[in-house]
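These protein sequences, in sequence, are chains U and C. Positions 1 to 693 (UniProt numbering) are the ones given, in order, by the first sequence. Positions 1 to 700 (UniProt numbering) are the ones given, in order, by the second sequence.
Hints are computed from structural coordinates only; laboratory data are not their basis. Just so you know, these numbers come straight off a predicted model, no measurement behind them. Please note that the accuracy of each hint is not assured.
[What the hints assert, rightly or not] The following residues of chain U were derived to be distant from chain C, with all beta-carbon distances above 10 Å:
1) T233
2) M307
3) E414
4) V432
5) A472
6) I503
7) Q540
8) T568
9) H659
[Claimed, not checked] Calculated pairs, DMTMM-like style, for lysine to aspartate or glutamate (alpha carbon to alpha carbon, straight line, at most 25 Å):
10) K539(C) with D590(U)
11) K232(U) with D507(C)
12) K60(C) with D684(U)
13) K257(C) with D14(U)
14) K625(C) with E530(U)
[To be verified] Quick look at which bits of chain C chain U covers, simulated, 3 or more residues with Cβ under 8 Å:
15) 98–106
16) 295–302
We put the beta carbon where it would ideally sit given N, CA and C, even for glycine.
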Amino acid sequence: MMPDFTDHLKPRYDGTATLQAERAGSNIDVDELAHHLLSRDGFLERQKKVVDVLSRDPLFKKDQQMNLSRPERYHLGLARAKAIQRIVRREGWSHEDYKMCEYVNDEMSPYHLHMTMFVTTVREQGSKEQQAYWMPKILNYDIIGCYAQTELGHGSNVRGLETTAKWDPVKKEFEIHSPYLTASKWWNGAMGRTATHAIVVAQLLLPKKGADSEGYESHGVQTFIIQIRDAKTHQPLDGIVVGDIGPKYGYAPMDNGYMLFDHHRVPKLAMLSRYAEVSDETGAFTRLGHPAVVYGSLTFVRGQIIMHARLVLARAVTVAVRYCTIRRQFRDRDSKSDQDEEMKVLDYPTVQIRILPLLATTFALHYTGELMYNMYNKSRETIEKGDFGPLAELHSASSGLKSLCTMLAADGIETCRRAMGGHGFGGGSGLVGINADYLSKPTVEGDNWMITQQVAAHLIKKMTEAVKDPSAPPKDPTTELFQFYLKNRKHRIPQSVVHNSQIDDKAIVDVFQWRAADLSYRAYQARVVEKKPWTKLMIQLHALSRAYSEQILVTTFYNSFSTTTTSTLSGPTPSVLKTCFRLYALYTLDTFASSFTLTNAVSPDSIPALSDAILDLMTELRPHAVKLVDSWSIPDFLLDSALGRSDGKVYEELYDLAHRRNPLNRVTFNPYWRDEEIVLGSGDGGRGILAKL
Amino acid sequence: MAPTPDWVKQLQPSGPQGHELLAAERACSQIPVEKLSELIHTKEVLDRKQRVLNILKSEKVFDKSQNYFAGRIDRFEAALARAKKLTNLRIKHGWTLDEYRTANELISEPGPYGLHDSMFLVTIDGQGTEEQKEKFLTKAEKYEIIGCYAQTELGHGSNVRGLETTATWDSASKSFIMHSPHLTASKWWIGSLGKTANFAAVMAQLIIDGKSYGPHPFIVQIRDLKTHEALEGVHVGDIGPKFGYNTMDNGFLLFNKVKIPHHSMLARFSRVDPQTNKYIRQGSPSLVYGTLTWVRSTIVMQAGSVLARGVTIATRYAAIRRQFQDRDAPEWEKGENAVLNYTMVQIRLLPLLAATFALHFTGKAMMNLYQENQKKMNAANANTESKRGPGPEELGAGSDSLADLHATSCGLKALSSTIAAEGLEVCRRACGGHGYSSFSGIGSWYADYLPTTTWEGDNYMLTQQVARYLLKSARTVISNPSAAATNDTTAILSNYLKRSEIGCAFDVLSNDTDIVQAFAWRTAFLTFEASKHRDEQKKPWNDLLVDFYRLSRAHSQYMVVKNFHEALESREVSSQIDTPTLGILRKLYRLFALHTLEQEGSEFYASGAVTVKQISLARTNAVMKLLKEIRPHAVRLVDSWAFDDWVLDSSLGREDGKVYEDMFYRASELNPLNRITVDPYPTSSVLFKKVEGEVGRSKL
Ligand SMILES: Cc1cc2nc3c(=O)[nH]c(=O)nc-3n(C[C@H](O)[C@H](O)[C@H](O)COP(=O)(O)OP(=O)(O)OC[C@H]3O[C@@H](n4cnc5c(N)ncnc54)[C@H](O)[C@@H]3O)c2cc1C
Ligand SMILES: Cc1cc2nc3c(=O)[nH]c(=O)nc-3n(C[C@H](O)[C@H](O)[C@H](O)COP(=O)(O)OP(=O)(O)OC[C@H]3O[C@@H](n4cnc5c(N)ncnc54)[C@H](O)[C@@H]3O)c2cc1C
């Protein structure tokens, strides 16, 4: 770029100085809080190590991504996926390091499914021999895998899948077949262009039993490991049609695919047979053992989704908080002097109310994520000992939390983006890509609306038990809560959580728990006692799941204050965290006020006091906002945001991106409609672009 | 990639086919779709759309099939080619302005002539003198000069008075000097500026003799008319890729002491006398507020159909998508359930379906009000002289209808664009996995619509103007409680005051008019609460912003409910539509109102408009019952919005229900990625083994 007069221009207000002043205004020890939040498995050190390497490699420069077409994004995605593998080998990095690479590279890699669902399925569902055969090939990337469950016609309803695997008792083979268009596999990541192998979930068809019966019957869905492309030419094998499903809202570098089979034959060994087997001789189907571990891994995946949700939301909030302290707009309306500077927009309560409760939410998610992590590890041991009891509780909690947390994060990103006005819409916000990519989360790993039914079903069951035997020794906190509820429901006095502008933390926990218990009881009444149709209850059940999950967030956050790790944090940090707890709780309470009053959790007359209490809490939190987001330690490389830069050079970066790094500005167009030419001087009469349509 | 083999071509979706399912949906309702369409759009508009659509479909350049795949530069290049073609067609077919607008609407992507056609022309027309119109407008209308509207800067958007670009009067040369003193003075976000425009209407601080007179509009040439390169001292370009709107070249612009002639300043309302170097104000700028109100009313008007696109797609798809058998279904009942039968899906889609109608009728009412008001103003305006300063919401609050109109348009713009934007995302998510595909047609439409929540007044900012107006009205009513109400706002406020000792009892669950009353009551209650805080307790303005936001929201919701109700009671509607259909529209009204009431329950309760029991009944009984009653009519109701498939550009929303066939066709036949064969192994540095035909290469 040629030098020009704009090279010397400075922004009117200095963003760097603004952030410095913000940081000077709070005594939070950022390093200490960062370690409190993120020290598990050396997360912070690992993040630094990986960012140092990737950010120096030109292939990982992010500033042109948004200009690229879909095929170009995939091209880039594959190049990066390969490069990461080579870096990992070169540096001698671990699997955790590899996962960190994916995290800071921040795009869905075409290898993603290989090292997640593909390898996990083989590991968990393959027999010993199958594992011995496949695992080395997988870990060495001799084959590249994907996970093909969802079809064009079925996603949530796995039992409704249409792809069939028909046993041929003569040849001792399976015939994989797609009888309908809707049987086409669909959405399966890495399958479109990249994978050589797939885990295919299909209906197992076996000859009908009994001497005189004919035809086949289904034994439910089973998993098969199937080669789909030639190892050398990378062309699909005969009888398989496979390709990429096209562009999506986000996930541009990922080749989600479709796949159809035409009576495609695979050997018997293709069926993963740790838990189920077809007999060679008799063609009989046997189940071996309990596949609870499968639920276990699903629960684990959801636990990770929650931990991830916390960081995703933290990222959006980091951008919004930093930018909104640097952005100034209008002098205070009540200001008396012309000389006053314009207000930072983060000082407007209508901006605060959008961002600060979300800042508080990041911490609420954190403590529950920790809880899930611990719960999973605890119950994994008992599962391995053969006791599947705790899994139901865990699985149900994980579904509800997955639904709530991914929704909070997905909606939170968008709220932050909109709170930043016009620049939030720009590519420099850094929230465009993350928004689009993250929006898949409410749907994948269990549709957020669908899976709330599992939570509700579980709670109804628990409530039924509690009603039957209200004084049985409680096995878990939920039963304990329900028993407490049943004892007290006749003489409940609705509470208020604010008394003369004093906030009662115990009462907060009580009202969240009461509401969850009461909604559970109502659901039990409607379904078990009054036998209402399930479909009619769905909305109510969804609300129940949400209330139950919110209760977990609030209770867990509250309990963290009695642990030593939190209470021994230095300076104002413990009390600021308490403010976050209160803000999250009161904000949620205010938003769903009528749900709390209708359940007799709180008294309707106590609701109006909430708005002032919330304003006060936000005022308390405001001076610490920048340091709190600093503690989440999101590196600039990952933020990839002009607005959220840690050094506050918002406008300099926006301008640099627009002026010096924008390929559109290297083209001069011909704007007059009488000339068909589009690019000035090209003389192609507009044919260039027409050829691409 | 190998061509699609025959065995694939012969495959069909399993179970009942999409077109059969939609036919069954259409058979279970008697709604006369065409009649209802005509009520919504009028016959004239429907015919016009069809006429224009036929022309567009026959031109290759408007082919949409690669839109979802292309990169930024190709998207822009195609958009420019389309804009040019459209201008050609306009001449060729002698299109009226309405027809030209219809064409743009049908193409539904922002184009590089967008700001020229709208704000540039409007600004010159509205703020230029006759000579200036002669000089600029004539050429602009012929596209000999192409313009844009450059107000927002890198550092300032909402606060227009804080703009940093200066236009300093140089008495020696009798010209203005345009200058950007800071980086944050750079114009930013300006549509059509980045690559297309050669002129700009620039808002800059007028400075005479060291004194600032606030922002004024200047018509400035920025690029050479032949080479299209930036003029000396002008620095201009595109601001880069965005969340959406990527077919538009939003631009930046900086000036390095650029001299422009005296006639550049648009001088209908104020000018600099070149002889005396004095600033002179003339005429009333309240017409400018008229334009603002018009723009906002248009946004309200469009919100209904913007949302209806998403609702159409999601409703049709949910009627075809079948997932699970009903848990309570008897053994012998085979087949899966359409997801639209799940109340969990209904509660997301049907209130939005109701909202499309609510917003539509509200928009129409707004437009009528605007037009009536323009007539009155033109009559009265001839000799009033008012000062630039506070907006009309403060000047004549409580009495004059312009103030009422202005405030209403602010609040409704905010509410309706929020409902539409958020509703589109709800629709997309309700489609499950396939909603995430570009082929759903919702994602890009949503992304392009999102800036509407920010421009023409940020949706949160605008609520302050509504609150200001309501506060002012409250003062009028409090100071003279017995005076006759001058408009609807003072009427509901004084009614509340009169009855505040007696209280109220609204039968919202069975009486449609009482619903409107309850919404009015809550608005009045919140207004007097705000007035207590601000006027009695003297709380700082900023501390009240959240209350103001809620107040404005309440007021706008009241307006929507009221307008919807009035429309359904009007002769205009009842004469055009049969009684059963009218009955269904009434149900939509109730669904919209009661769903809103239930969501905002605590405010209704706090105001005393309804009891906790009523809220509870609304939630568990009334809304559920309405969902069930409306469900059979859902497909016909969205049909009546009459979107052509070409416009929707959606696999999921196709009128013929061929969802899966179309998804598959686009993925396998139109998708350039499938022309690539890759080398997948990390050890090999080859990325693409084979590429058939032209697909983009990496350009890092
Ligand atoms: C980006 C992305 C990546 C993916 N990657 C993979 C992959 O690698 N491998 C793979 O196999 N799959 C993958 N999927 C598919 C994903 O798992 C499914 O999309 C998901 O399970 C949801 O299913 P669906 O799309 O069929 O939604 P549907 O079930 O069709 O849902 C449609 C709507 O109906 C509602 N609904 C459905 N059933 C009920 C009911 N019983 N009661 C109430 N409401 C109901 C839902 O809430 C939703 O609103 C991916 C999807 C996406 C978006
Ligand atoms: C796609 C697109 C196209 C555009 N096209 C044009 C164009 O052609 N010409 C043009 O001139 N402009 C254009 N704009 C700019 C647009 O008009 C501005 O973005 C808009 O006016 C908002 O201003 P802002 O971005 O400065 O937001 P800001 O004012 O910076 O708002 C940031 C945040 O602060 C809050 N805030 C600000 N002030 C206050 C206050 N006093 N009280 C409480 N909260 C406050 C807002 O609510 C918001 O949450 C365009 C913008 C976009 C996104």
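Practice task
Please write out, lowest number first, the hints stated earlier that are contradicted by the structure.
Solution key: Of the numbered hints given earlier, those the structure breaks are 1, 3, 4, 7, 9, 11, 15, 16, listed in rising order.
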